[in-house]
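Participant: Sequence:
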Amino acid sequence: MLVLGLTGSIGMGKSTTAAMFRASGVPVYDSDATVHALYQGEAVPLIEAAFPGSTTAGAVDRQKLGPMVLDDPAAMRRLEAIIHPLVQDRQQAFRREAAAGGHRIVVLDIPLLFETGGERRADLVVVVSAPEPVQKQRVLARAGMTEAKLAAIMARQVPDAEKRRRAHALIDTGFGLAAAERAVADLLRALAPVS
11 MLVLGLTGSI
21 GMGKSTTAAM
31 FRASGVPVYD
41 SDATVHALYQ
51 GEAVPLIEAA
61 FPGSTTAGAV
71 DRQKLGPMVL
81 DDPAAMRRLE
91 AIIHPLVQDR
101 QQAFRREAAA
111 GGHRIVVLDI
121 PLLFETGGER
131 RADLVVVVSA
141 PEPVQKQRVL
151 ARAGMTEAKL
161 AAIMARQVPD
171 AEKRRRAHAL
181 IDTGFGLAAA
191 ERAVADLLRA
201 LAPVS
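This note's numbering puts the first residue of the sequence shown at 11, with every later residue one more than the last.
It should be emphasised that the hints constitute simulated quantities derived from the structure, not laboratory data.
Only true hints are included.
Label-pair distances were calculated between CB atoms; the ranges are:
id	residue 1	residue 2	range
1	GLY68	ALA162	26 to 36 angstroms
2	SER34	GLY184	15 to 25 angstroms
3	ASP81	HIS113	37 to 47 angstroms
4	LEU56	GLY111	28 to 38 angstroms
5	ILE163	ALA67	19 to 29 angstroms
6	ALA165	PHE185	23 to 33 angstroms
7	ALA110	MET164	36 to 46 angstroms
8	GLU172	ALA84	23 to 33 angstroms
9	SER34	GLN147	24 to 34 angstroms
10	LYS146	LEU187	16 to 26 angstroms
Yeah, the Cβ is synthetic: ideal placement off N, Cα and C, and Gly gets one too.
Whenever a hint applies, use it, and build me the whole structure from the sequences.
Facilitator: This is how it looks when you write it as structure tokens:
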């Protein structure tokens, strides 16, 4: 089974691209969705113990947790030490299920793939990218997003140029949905003989 690691900086269109793989019949593991589920379940008591006051009504409150970790590298490492092992356990279960189902290609949708060493768990890395003005426009249109918040997020991410350099394949979403869909289809056709 060929494992594609899908990544891209904030606002590059990675989630939309993951949906394109999914629509093509490729199973996609969504690490963000996994974190959201953990924030409403298993991780709640662990995070509350490490970051008192970060939960509300039995779930992690991102509005409370964010300020506790965003500008504090040590706090972020503590949070990641709680979350990453739980996420990886679920990722392994996804891979076992996909292999048992006979799938020849799977996608691991991991926003911080390079930042967490996740590229070692993939056979090929696919980077989703777009020109910087497009990225900023997309991100700043999100509710509650500010220039300062975007800068703090970007400071934690491997720069787009470095991601592009380390990629085995690139999906450029700056040319619109149809072009990105063609790029995904072309990639899957190219990989079909080796998967």
